[in-house]
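Engineer: Sequence:
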Amino acid sequence: MGLVLATVLAIALPEAEAHADCGCDGTITADGDGPCLRYAAPSGPGNDITFRFAEAYECGQYVTGEFFVVASGAAITIAAITPDGAPGRHGADVNPDPNGPQRWDDRLGDYADAVGLPLDVEANSSVVKYVSDNPVGDCDGDADEKSCGRFAAVVTIVDAAPDDPSTAFRPPFVGADKPTLSAATLQTQLLSRLSADCADVPTLATAEAWTRHLRLDYTSDSVTCDLMPPEDAIPNGRPWSTDIWADDTDVHGWLHLADVCDAPPCTPEQDLATKMPVLVGYVQHGIDVWGVDRQGASLFRGGGGNGGGKLHAYVFAATMLADAEMLADLAAIDEERFFESASYYAGEGGVALWGQPTGDEAAYWNDFGDQSTRTIRDPYHSIDGGFEPGGWYQDNTAKPTQYTALLMRIMPALQANWPVNGDVVLAYADRWVEHGALTQPDDCAPIGGEYGVDYGPDGMGGCIAGGGRVPELDGNNANGGNRSRPFGECMWQSFRACAEDCSCPGQSCKSASMCGNGIVEPHETCDGDDAASCAEGCIAPGQPGACTCADGGEGGGEGGSHGADEGGTPTESATSMDADDTATSNASAGDTSGGSSPAEGDDDDASGCGCRSSSTPPPSLFFLLWIVAWRRRCRRAIASSRR
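Those letters in the sequence shown? Residues 8 to 650, per our numbering, in order.
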């Protein structure tokens with residue numbers, strides 16, 4: 008693939024385009040002031056970030072378009088980075104630490120001076136530059152935009168170029184651990200092609216803007232995280248994690264739609280090519296979250312939703328990449344380091360409850376008086392947490408949680424890889440929509456009288472008996488939430504029911520021709536009428552997870568999961584054919600795909616339950632064509648920004 012890809016790119020990218028000022032043409036190119044690499048800011052040239060180097064070092068670009076520079080056994084020298092640093096503004100750092108300090112802007116907490124320039128940088132280093140927003144006043148400025156940052160970008164210093172830079176993801180920008188993953192392993196067969204009659208579907212431009220730039224959403228600090236992410240990477244201008252999470256569910260849902268190309272109706276090939284830049288950008292964010300986790304840092308950030316959505320991005324990236332190491336790290340997470348895994352748990356009788364392990368029994372009862380924490384988990388595991396179940400931070404985070412649960416059902420592999428509490432998240436979302444807050448049944452006495460006598464702990468591990476702490480709030484705020492997204496609501500109404508048994512037309516589920524390890528090997532077919540005719544480990548027709556494919560039986564013939572050539576042999580899977588079985592087994596939907604015998608799909612557009620038509624070219628060709636189109640688009644954007 009590498010030789011073919013190199014040939015295609017050489018043909019597709021004219022020599023004149025490759026020699027742009029402040030860019031990379033195998034070595035760093037130059038403008039009038041010397042060798043440099045430039046990132047164009049969406050907010051305008053005044054916020055562009057330019058890295059200037061002592062020499063024209065060897066360089067390249069990752070699949071995201073971000074630059075790397077090759078150190079070749081010796082440190083490279085960065086002479087300057089613009090915009091120039093100023094006291095407490097426009098900071099820079101090398102391998103930022105999620106636990107601080109931060110060197111971007113002294114209006115953020117835990118500030119330390121930026122690294123000085125010129126700067127000698129060794130391999131396995133990420134050099135990050137921050138452009139401060141409204142640098143001479145308050146972070147918010149006149150528009151109340153919330154963030155202290157406008158733009159951020161990273162250059163990665165490596166000891167050798169990746170084998171195939173055009174398919175390599177940028178390593179995490181935090182810490183000195185720099186794993187490099189490949190976009191060639193993306194499990195694109197897991198993306199559905201659903202038809203949603205929704206009025207608020209994200210545009211391609213919005214989806215791309217949301218995923219194109221470095222978010223810098225990495226710190227463990229529960230306050231600094233609210234103001235750090237630069238606005239150019241968050242189009243709605245609100246950097247609070249759960250706001251970002253809500254918008255991410257829009258993007259993730261968009262990735263499962265059909266007819267997203269420029270001129271619908273679209274073929275599967277056109278849809279996938281359109282989705283690829285967005286998919287790559289969102290997976291890159293998940294890789295960065297993985298990097299934070301590998302540093303042993305926490306993204307929980309308290310119970311108020313300041314860390315919401317980080318686990319969602321992590322699980323999505325791990326599922327799409329099917330990387331064994333990433334999946335293993337995901338499965339072994341500390342549940343208290345992520346908001347989603349710390350906030351939803353199975354209480355008495357297995358009921359799904361909301362609340363965080365952020366305070367002891369006394370703190371929980373005190374919160375009914377001082378009403379400051381609002382999130383502490385019920386110490387008796389009977390009702391939702393906080394002094395006002397259904398309100399405050401439970402209200403803030405309910406809708407993104409609901410949309411995440413829907414996406415887990417639409418994409419069974421996401422559900423299969425969700426660590427710790429995926430079943431609880433699913434049950435909670437349904438309960439929230441149908442019932443709202445849960446405060447009954449409850450055997451504890453309400454607040455009133457003397458603590459420890461009339462209410463509170465009974466001294467034996469339980470509570471003083473009574474008629475319930477807040478029985479009047481049972482059912483409070485059903486289907487409510489102040490982070491509601493019109494697209495998310497439409498997707499829920501359209502697909503919650505059919506996603507239960509994997510029968511939504513166009514849904515990509517684990518079909519009969521996908522074997523137990525999630526890979527369709529070239530020699531395997533599953534086109535018979537009974538289990539005996541299928542290769543070992545495949546799902547037999549009529550069994551849970553099997554899929555009826557148009558004109559090809561269940562999982563076989565022309566409508567097979569990944570398509571087949573005219574001779575009936577399945578085409579190359581979207582997974583890497585030599586991928587480790589352990590990596591891909593977790594990426595498949597497994598037996599959790601739910602239901603049996605989903606509905607038939609359409610014939611030619613491969614919309615039926617993950618079936619792929621015989622006209623679908625191998626994913627490697629998808630990738631080649633997309634790379635060409637995406638590189639051209641990027642170069643046009645850069646050229647436009649310079650005019």
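Read the hints as simulated data drawn from the structure, not as lab findings. Treat the hints with care, as some may be off.
What the hints assert, rightly or not - Just the calculated beta-carbon pair ranges, DEER-fashion: (1) 301 / 206: 34 to 44 Å; (2) 129 / 170: 57 to 67 Å; (3) 500 / 398: 22 to 32 Å.
Every residue, glycine too, gets a C-beta built ideally from N, C-alpha and C.
Engineer: Failing hints, ascending?
Structural biologist: 2
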